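Residues 0 to 508, numbered by numbering that gives the first Met the number 0, are exactly what the sequence shown covers, in order.
It is worth saying that the hints were derived from the structure and are not from the lab. Only a predicted model underlies this, so the values are computations on that prediction, with no experimental measurement involved. Watch out, some of these pointers could steer you wrong.
Derived DSBU-like pairs (lysine-lysine); straight-line CA-CA distance at most 30 Å [said to hold, decoys possible]:
id : residue 1 : residue 2
1  : K470      : K496
2  : K418      : K472
3  : K470      : K418
4  : K496      : K472
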Amino acid sequence: MDDVRSIRDLPEGVSATVQGNDVYRVVLRHGRGLDGACSCPFGSEGNFCKHLVAVGLRLLADDRTAKKPALDIHAHLSRMSQAELVELVWRRAQTDADLYQELRLAAAVGGDVPDSVDLSRLVESFDVEWLERHEVRDFADAADEVLTALGDLAARDPMLGQQPLQRAVELLSRAISRTDDEIGYVDSVAERAVELYLDACRAAPPDQIEFARWLLGFRLAGPDYQPQALAAAYDLLDDVGWTAFREGMDQNDPRSWQVRSLREELLTAADDIDGLVRLWSGELTGSTSYARIAKLLQAHGRVDEAMMWFESGIADGHGTGWAGAQLVDPLADLYANAGRLEDRLTILERYFHDEPAERTYQRLREAAEAVHRWPAVRREALARLQDLAGIDAHGAADTWARILLAEGEDDQAWRVIAKHTCREATVVAVADRRAVSHPSDAIDAYEPLIAMQIMLTNNDAYRQAAEYLVKVKPLFQRAHREFAAYVGDLREQHRRKRNFLAELGRRGL
């Protein structure tokens, strides 16, 4: 409650400011039940936020009521002359920027002939270089007030409202990428500007050629982020407009990403699958581009064509490495669905040879078992891993050991980590399994890991080394080896590492 400031009476409540992560404006009303509004992100979504609660608690603590004042202010105003009311409002506007802005907007759009100069000046205020986080909400609120006035103008005269609303769309869309706006205030007003502009165009259709040229120019040369509501603009184009739009697009470099992106957007909206395939087939740069076409065709039930594109990507050399999985895996599934089990096994054998891993091994096993060839295929797969481990290929020994461990070949997995360099996690997994029957072997595997952690000389590593020591303590007992002497040697060897010794002490070592 101490963060509540500047409480002011209103006809049916109070206004206040509350210091939270930012300074928020709060209006608490109780004329028709308890209600209110707050400028914080949660309150802006229509929720009764903690800042409203804080104001209410402050009023209760101060024993302050928010009832209507005893004076009948409404009756008093009704007795004033027009000149007196004008003077009252104008005098207040000298010091109240919000009131002045409201009056200015009303004057700009309220006459028989709108003040185009002032309207333009108000809209151009949306042209910003950068907005800091603390400026975003005020900017969005001011823009929203201008849009409300422009919406009122467009409701009376759609043609008059179109030009300033079109400019508002341009500037507010540009402002989206020029703000530190985590909440999306500017996004919201930009979307509203588009909706108001399109409503005005529906009420009074603009010149189709001019509208098409503007829309094309904005999509191609406008800001990178554009309001989603703009997608509805295409519905306003008739045959003349579409002709102008396509002619304009053809005059641009077809290789530019803006043109290609726009063509893709239009083809997607029209559900033109063949058009998308033609467009995408002109930019085949890797497995992703082939997979995109194949998955599109597959999603539309054109399975044979999808297979062809997956196969083409593999034939063109893109079915290898981790990225090749997006071609090999779905093609293998399509082969299985089509009953082409030998073909599935063939491509998975080839892929495992190029990309040996636990995942590709499992897929290979499923395919081989389906055609009753797993024992022979398994021998070849493990031989491949052995060959790669022999030349210290990255990760090969780890994969080999983990596969053997998963298949219950614990002794073979132990021989792999004993002969080849493996990652710490692999050594731990194999050593833990080995510890069941050979505790002394497991100790021998853990000792280098403990030494390595200590040599890293950081607190996380010291904690890990101590945890390993806790883990091997019962193994020393089972192997009839001296755990106390081992820990004593570590303490003496690393007596200057106080944090390590502290970790040992915390575990009673």
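Exercise. Can you name, in rising order, the numbers of the hints this structure does not satisfy?
Worked result: Hints that this structure does not satisfy do not exist here, as all of them hold.
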